[in-house]
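> Sequence:
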Amino acid sequence: MKKPEHLPRFDVELKEDPKGRLFFDKNQFCDLSGVNVLHSGVDTVRQLYRGYLKTDLMERLEDYSGFFMLGGYEWVAGRIGRDSGYQYKLQNADLGLILLIKNFNVKIDNNGPHLKIEASPHLIDEHNPYELQGIMNDLANEVLDDFDFNQSAVHIAVDVQGWEPPSDIVARMHCRSNHVRQFDSMDSIEFASHSATYNRGQSYLFGTASGVQLAIYNKSIQAKAVDKLDYWESVWKRQDNPFEDAPYNYDPEKPVWRIELRYHHSVVQQFSEGTTMAGQPVVFKSYAGLAPHLDGLWKYGLDSFKFLHRPGFFHPFWTLLAQDVKVQTQVKSLLEKTDYKRYYKTSTGFSGKNIELLLGNAISLAARERLTIAQLLNALQTLPFWPTIKNFYQDKGMSQGEFYHHIEKLLKERYLRWGKAV
510 MKKPEHLPRF DVELKEDPKG RLFFDKNQFC DLSGVNVLHS GVDTVRQLYR GYLKTDLMER
570 LEDYSGFFML GGYEWVAGRI GRDSGYQYKL QNADLGLILL IKNFNVKIDN NGPHLKIEAS
630 PHLIDEHNPY ELQGIMNDLA NEVLDDFDFN QSAVHIAVDV QGWEPPSDIV ARMHCRSNHV
690 RQFDSMDSIE FASHSATYNR GQSYLFGTAS GVQLAIYNKS IQAKAVDKLD YWESVWKRQD
750 NPFEDAPYNY DPEKPVWRIE LRYHHSVVQQ FSEGTTMAGQ PVVFKSYAGL APHLDGLWKY
810 GLDSFKFLHR PGFFHPFWTL LAQDVKVQTQ VKSLLEKTDY KRYYKTSTGF SGKNIELLLG
870 NAISLAARER LTIAQLLNAL QTLPFWPTIK NFYQDKGMSQ GEFYHHIEKL LKERYLRWGK
930 AV
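Numbers 510 to 931, taken from the working numbering, label the letters of the sequence shown in order.
One or more of the hints may lead you astray.
[Unchecked claim] Here are the simulated lysine-lysine pairs, BS3-like style, with alpha carbons at most 30 angstroms apart:
| id | residue 1 | residue 2 |
| --- | --- | --- |
| 1 | K763 | K746 |
| 2 | K511 | K535 |
| 3 | K850 | K763 |
| 4 | K535 | K808 |
| 5 | K808 | K763 |
| 6 | K511 | K808 |
| 7 | K862 | K835 |
| 8 | K808 | K846 |
| 9 | K899 | K512 |
| 10 | K794 | K598 |
| 11 | K528 | K746 |
| 12 | K841 | K808 |
| 13 | K862 | K528 |
| 14 | K841 | K512 |
| 15 | K862 | K841 |
| 16 | K918 | K862 |
| 17 | K763 | K528 |
Hints are computed from structural coordinates only; laboratory data are not their basis.
Generate coordinates for the entire structure from the input sequences, incorporating the hints supplied.
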């Protein structure tokens, strides 16, 4: 399908202007002069590390009680559930850091991805990427021997006033992902690691957490729900707004809407493997290395999730975000010098034996639990490598419907031929 085009832009004197806020389409103008971009930047950083766990640290964590000292900071320590992938958590909300330690799937004395550090918005805001990377590296050195970077994940956020999503945004948002969630008069919704509860407004979530995800939500309500409104209002009221054409300052009486692109570390790794600069590969495994390329990821995300004005044309608001917004990181952007591409490992490069074994074992377990075909498919689709499974069978000539029918046939045969699994 042909990529959508941007509508022409004009200034108040109706002269064509690449920064104009009037957009012309079929004898009518769309006026975005009232849209105010209050903030753009990185909302979340997750830095992953590999290495050997320090023996003395693990002994202290096993016997911890109360508060925990590490790297000159005081932390609240605790065990966490297996779903997180890690065994221990150290948290200092005042500093703005969370450390997840000891990967559940790797033995304690093996070199592995044993550490993930998550930085909060206020810590990211207070430091440039190199300073923040230094803080995280110093802590990694307290946890691991011979540590190395194991990629990073980021959330890029833009906050605006004077715009809100139209009621038909789901129909007009075109993307490859079939995962779309809309929250109307919501009772609860998860934002990163926080859970907010409120009963008004709408939020939209496109894509999956294991890929690229687009979230559009009322930031004013969410910030108030998690008791962070004072902080965010201090950000929105800043006089050094980088957007010189901002028509007015923050208005506390009007809602602030956030457009947020969330990049899983596996997607960042794909960019690291596929991106080139002057024909040479660009490799980034740390947040500091990724920072100059955040403008590229921002524009890529807006091209992946296409908010259309009408078929063949981007909505003017999407044009404004793509052409005017720069991710504020205190480092020079390399967008103009870099060719951003994702490198995909294809399913055709291997025999698929592991996929067939996994599917066979999943069907046996489903039979043991007496799952329906719908329950089995829902379970399979939660796997992070579900796209690889689908691609493998598509390369064998199966349509999506034929693939689902194939799984249904295998499950039915398992029930009829062998009965309940034991």
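> Give me the numbers of the hints this structure contradicts, sorted from smallest to largest.
3, 7, 13 and 15
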